[in-house]
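Protein sequence lines correspond, in order, to chains H and V. At position 10 of the first sequence (counting the first as 1) the number is 9 in numbering that gives the first Met the number 0, and the numbers step up by one without a gap. At position 261 of the second sequence (counting the first as 1) the number is 260 in numbering that gives the first Met the number 0, and the numbers step up by one without a gap.
Careful: at least some of the hints might be erroneous.
[What the hints assert, rightly or not] Coverage of chain V stretches by chain H, computed from C-beta distances (three or more under 8 Å per stretch; other residues unrestricted):
{"hint": "1", "region": "106-112"}
{"hint": "2", "region": "118-129"}
{"hint": "3", "region": "247-261"}
[Unchecked claim] Residues of chain H placed beyond 10 Å of chain V at every Cβ, according to the derived structure:
{"hint": "4", "residue": "Glu-34"}
{"hint": "5", "residue": "Ser-38"}
{"hint": "6", "residue": "Gln-44"}
{"hint": "7", "residue": "Leu-45"}
{"hint": "8", "residue": "Gly-53"}
{"hint": "9", "residue": "Tyr-59"}
{"hint": "10", "residue": "Thr-77"}
{"hint": "11", "residue": "Gly-79"}
{"hint": "12", "residue": "Gln-83"}
{"hint": "13", "residue": "Thr-84"}
{"hint": "14", "residue": "Ala-89"}
{"hint": "15", "residue": "Ala-93"}
{"hint": "16", "residue": "Arg-99"}
{"hint": "17", "residue": "Thr-100"}
{"hint": "18", "residue": "Glu-106"}
Just so you know, the hints here were simulated from the structure itself, not pulled from any lab data. Every residue, glycine too, gets a C-beta built ideally from N, C-alpha and C.
The lines below spell out each chain.
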Amino acid sequence: MNRPAHTRAHARLALLALLAGGGCGSPPPLAKQLETLASWTATMQLAKERHGAGAITYTYATQLRDKADDAFQQASTTIGRAAQTRTDSAYAAAALDSLRTAIRQLEAEIGS
Amino acid sequence: MKKWGEVALGVVTCIGGFLEVGSIATSAQGGAEFGYQLAWVLLLGTLSLAILMEMTGRLAAVSRRSYGDLLRERFGYRFFLLPFLAVFIVSLLVLASEIGGVAIALQLATGVAFRWWAIPTALIGWLLLWRGNFSIVEQGTALLGLVALSFGVAALVLHPAWPTLGRALLPSLPSHDHARYWYLAVSMLGASISPYLYLFYSAGAIEDEWTIEHLGVNRITASVGNVFGGGLAIASLVTAALVLAPREIRVDAYEQIALLLATPLGRPGFVFFVMTLFITCFGATIEIVLAMAYILAQGFGWRWSENLKPAQDARFSTSYTVLILLAAVPIALGMDPLSLTNISMVATAASLPVTVIPLFVLMNDGDLLNTNVNGWASNLALVVIALLSVVLLVAALPLQLLGGG
């Protein structure tokens with residue numbers, strides 16, 4: 000049901016680090032991008048699980064995959080600029096990697 | 000017996016009519032990001048809409064004129080232009096969003112990109128308006144809209160924590176991301192209290208030839224129907240709180256919302272979601288375009304009725320023809336339906352004062368309503384809604400900038 004523990008830990012650590020570093024107020028752009036990546040990673044994992052259970056169609060699963068891929072492509076081009084430190088960059092890379100893995104896992108599930 | 004049939008139809012219309020693209024999207028976003036915490040906003044929106052519908056229905060039944068007609072007659076043409084333009088612009092945005100909702104439903108079902116469905120959706124809607132009459136529009140969408148009850152079933156299957164949900168019906172402050180919380184609250188109120196809903200309801204009372212005899216029907220329809228409709232919007236929020244929030248999934252695209260019903264109900268849930276989105280958004284498309292054509296015709300004094308043949312009210316028929324096609328254009332050009340929905344819901348909330356405040360004057364006009372003028376309790380409720388609408392007007396733009404991302 001839930002996404003793997005390491006993905007959650009990555010996302011949470013990244014958010015904590017950024018919020019602590021950023022002080023207060025609205026989340027900085029990197030935090031928002033990490034949230035979006037984590038959200039799409041979880042969406043891919045839920046879609047994989049639901050497709051495996053026969054609850055969603057192949058057509059719908061591919062649409063979700065395409066949307067997640069759009070989010071991945073967009074973040075790939077912008078997240079580097081938002082990362083201020085080496086630690087930020089490491090978290091950004093980990094979040095991108097998690098989403099890429101989740102997309103591949105869904106593709107393997109639906110056979111595309 | 001006929002009266003009870005009218006009550007049942009009215010209640011069913013409200014159930015299907017309440018849930019549409021705006022309430023589905025904003026409730027899902029609210030539930031995904033803040034759990035049950037925004038449930039109070041839906042309760043407030045539901046009560047406000049029920050009160051406004053009861054009043055505009057009473058006004059139409061007693062005076063035998065629609066709210067749009069009376070705005071022009073009592074306040075003069077110059078003043079009328081203000082609510083007219085506000086409602087017209089906002090409704091056009093909401094109309095485009097609803098067409099987007101239909102197009103997304105068709106995309107989910109077929110895999111063909113939503114933008115290709117915008118013009119066909121507009122054409123089918125126009126054909127229904129051109130060939131059909133008010134009963135077909137009202138009854139067809141109302142009965143099919145009952146598929147939205149699947150949101151209620153999904154929420155029950157997920158076994159919500161009732162005490163927590165009960166507490167969430169009272170306003171509370173968020174523990175994080177205040178701007179986003181209030182932005183979603185304003186969006187949800189905009190989705191719940193759309194002016195087109197009570198303008199359509201008022202014009203519908205004239206179409207259905209309501210008289211003073213229908214005041215009981217009006218009261219029950221507005222209260223019971225909206226309670227059920229609002230209940231379904233809360234069910235959508237609860238489902239998102241139990242399906243998406245624990246996984247930390249934010250709703251960034253309509254495609255994610257279909258997982259709401261597919262998770263608790265399996266494949267039937269997915270099918271029900273697609274059907275609900277399609278039917279409720281198509282029903283809302285028809286209602287909004289009619290509401291816009293009504294206020295246009297009422298404002299300019301044209302002949303209007305969905306029960307007349309198009310040749311008998313040519314300017315009214317031309318209006319809905321142009322409007323429905325115009326609203327399809329942004330979706331056909333590929334504008335993101337979810338972003339459009341969010342913007343249009345906030346704009347709707349901001350437009351409320353210009354239709355709510357004049358209602359206070361009309362509902363206390365003894366020449367129009369005789370003994371059916373507002374009592375102190377109704378006036379107090381209307382003042383509260385008017386104040387709320389002013390707050391929404393002031394807060395909408397800053398919150399769009401701070402929390403809309």
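Hint compliance check: list the failing hint numbers for this structure, sorted ascending.
2, 4, 5, 6, 7, 8, 9
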